[in-house]
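Engineer: Okay, here's what each chain looks like letter by letter:
Number of protein chains: 2
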Amino acid sequence: MNFRTEAHRLVDWIADYLESIESRRILPDVKPGDISRQLPAHAPEEGEPFERIFADFEQVILPGLVHWQHPNWFAYFASNNSPPSLLGEMLSSGLAVHAMSWVTSPAATELEQTTMEWMRRLLGVPEHLKGVIQDTASTATLSAVIAGRDAAWRRSGRDADIVFYASNEAHSSVLKAARLAGFRPDQLRSVPTDETLAMRADALANMMASDVAAGRVPAVVVVTVGSTSSAAIDPVRATGEIARRHGAFFHVDAAWAGSAAIVPEFRAAFDGLELADSVVMNPHKWLGVNFDCSLLFIRDLPAWLETFSLTPEYLKSAHDADVVNYRDWGIPLGRRFRALKLWFVLRSEGAESLRARIREHVRLGELFGSWVNGDAAFERMAPVSFALVCFRHRPAGMAEAALDDHNRRLLDRINASGKVHLIGTVLRGRFVIRMAIGQRNTAERNVREAWDVIQQCVRA
Amino acid sequence: MNFRTEAHRLVDWIADYLESIESRRILPDVKPGDISRQLPAHAPEEGEPFERIFADFEQVILPGLVHWQHPNWFAYFASNNSPPSLLGEMLSSGLAVHAMSWVTSPAATELEQTTMEWMRRLLGVPEHLKGVIQDTASTATLSAVIAGRDAAWRRSGRDADIVFYASNEAHSSVLKAARLAGFRPDQLRSVPTDETLAMRADALANMMASDVAAGRVPAVVVVTVGSTSSAAIDPVRATGEIARRHGAFFHVDAAWAGSAAIVPEFRAAFDGLELADSVVMNPHKWLGVNFDCSLLFIRDLPAWLETFSLTPEYLKSAHDADVVNYRDWGIPLGRRFRALKLWFVLRSEGAESLRARIREHVRLGELFGSWVNGDAAFERMAPVSFALVCFRHRPAGMAEAALDDHNRRLLDRINASGKVHLIGTVLRGRFVIRMAIGQRNTAERNVREAWDVIQQCVRA
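Protein sequences appear in the order of chains U and F. The first sequence begins at 59 in the working numbering and counts up by one. The second sequence begins at 59 in the working numbering and counts up by one.
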């Protein structure tokens, strides 16, 4: 294969794809097995021309993809790419260096240190937290939970009855992390939430006090700024003070909403970050850095390294005492050169344009929320928070018991339109539809189109 | 930024870089801080033209990188890219879809299922193991150890004194996985090795028997085919039978050497894989698939899902009963579309050309080993295994006690040449130099150049 020729062709294809993405049906119309049954059971023995492979990509694979970069994307949270990020990914793959140790590519480590300091300052994360790029918030949170577990074990002994705390609105990866770290079901506390679905600090305080009274050891508290279901905001300062009082490891999951901390007027939701033992936020969600790029900020690095550092002979280098070896800051040894795409995005976009995009998305969320508020047939199911609106359709006279099914069917019709993509969740036992704004190119006309589609589907 | 214009320029730069990589000094001549002190302390407020950013890449970053794709790469294990893999990475970034659930891009999941079946057949992994792509062997092994820990807990209760077994030659990520999974130091067994540095099955059997006699529960056994230090080959069948007899989870780490299983005449080293509960191998090492692409094959999927599956409302879909949701097969929720690059490589290269490359590298390893054997001033320190040769220089009359320092200094001179890159390790307490052949473009002349550089450095 001639890489140069094929890569030039592919660049044009990708540029065309991204320019014309709005003309595509956002969700594919396929059933399980539709794609795999078109693929042979064995790898070919002989190499094939790329033209033929790419033709199969266009005919077999592409019709089975969901178009995550469509500006009518309102599902999950958006996971953005962007031109500078794509260039960063291309270059990083071309160089194919490892950022596991300083010595395996000094510039990869030092650019990561620099860009993490840039991000720390942009986000207002206190200086005593040091940053590292990980793949996902799931992995970063698992690392934090394991580090907190180990710290509790070091403090109280391996036989201590350690306890984990998070609200019932925490992301599924948080509870999964606690299970993977080995907490028993009886060591997991689900802290109640208030009317905004935020963790109740008083409930956390009571739970921890009675655990301590019973001889148990509060080990880890995970709070969320911007929950997945409703963008609820746990009170960082109040819960952080309680966690610290009990010596528990305090992890802040700001995977999605963390990007909003670059905007001064949204900073209040993050008040208390100086109490955190670790904070995670994902530029791959709202800042246009290709997935995967999850930033983890760590307070007590010596304690962290006690959990994660283990250096065999073949990884030792003469510089180990003077440098950062990021392999010791997390689970995987091998590490891609992810700082490059982050650097390209920050320099190419500049902080002000990133802030402007987030301000605009938050404005669009409030606008959409005002439409819901202004329509008697709809009900807003949680406060509009950042750029997320939870709502349901409530036709006059329909009984509460019928509303879940009604809204599930409505959501199916909305998605079947192929024009927009939203998903649902359950809040306080009731099914709601989530309107999550955050795709890089989403503008007011896209949000209006979503509202139009919803209205049409209500009437259908 | 005009993505199309800049991406075309970057394609030419990458193509030129890869074509001319042999003209570069393989290791940079930089000291800690040399790169970061050239970078500003803050992200820019305003966006900058890409031309200026890329100029900084060339002037500041590039001189601080290690050229991992240089065909004189003999350090660690190679971590290859290749033309079709680069195209796969470009396209995957451009589409930026998530392969976390079937419904988030059905074709991404089904192409992963298909390519994992292709790989399973190519590698001779038994049909009852099902495959998933993970990021690294470190993560895959941690997943396996956690799954094994949970299985032991389910079988014997949470208070059981569970035990973990691996040889002292296992990769550092194996011991790290056991610690992260929560095994106590007294629950970790280091199984002795034989004269080839392979795990002694009889020693494993004895250790397990005395643990059982003492009321402890053998939980996890990790064996390695192709250890990092010396490519030692643990006896899979013999150890697997012992592990199964005790009901322990049996994980096979073939991260590097696993690629050689696609060659029929190298398959014998993997005999007994049908006993494995999980097997990991990395196409990102020896098969030219860009890092990260680590393949994990799993035996007892229902048990595995008991550990890793946790489905919140916002991830439920109507198809969940009929499809594979790979988010439930590992730690991270978010998952890149990695199957694309694997598919491109397998189809573009074809199985026969991948086999030919591995055969050639193994031949070159044997050739290099024969040079070591034929030179009285050198000593081979382990059997030549796959394409790895461990050796040291032993000048006539030099005392054993002086050899470690002598060879460390020799290795420093070899690397300071800038022409080749090798690393050292310690075998049975003695420092040795590792010659690991595996870079995609490494040919006989590159191996000869390495031997010439070594000889020059001996004389220097």
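Derived from the structure by calculation, the hints contain no laboratory data. Treat each hint with caution, since some may be false.
Treat identical chains as interchangeable: a pair holds within one or across any two.
[Stated by the list, open to error] As a list, the in silico DSS-like pairs of lysine-lysine whose alpha-carbon atoms are at most 30 Å apart:
1. Lys188 x Lys477
2. Lys188 x Lys374
3. Lys477 x Lys374
4. Lys89 x Lys188
5. Lys89 x Lys477
6. Lys89 x Lys374
Engineer: Against this structure, judge whether each hint is valid.
Structural biologist: Against the structure, the hints come out as follows:
1. Lys188 x Lys477: Classified as neither; 42 Å inside a copy, 36 Å across copies.
2. Lys188 x Lys374: within (23 Å within a copy, 36 Å between copies)
3. Lys477 x Lys374: between (54 Å within a copy, 21 Å between copies)
4. Lys89 x Lys188: Classified as between; 21 Å across copies, 46 Å inside a copy.
5. Lys89 x Lys477: Intra 19 Å, inter 54 Å, cutoff 30 Å: intra-copy only.
6. Lys89 x Lys374: between (51 Å within a copy, 16 Å between copies)
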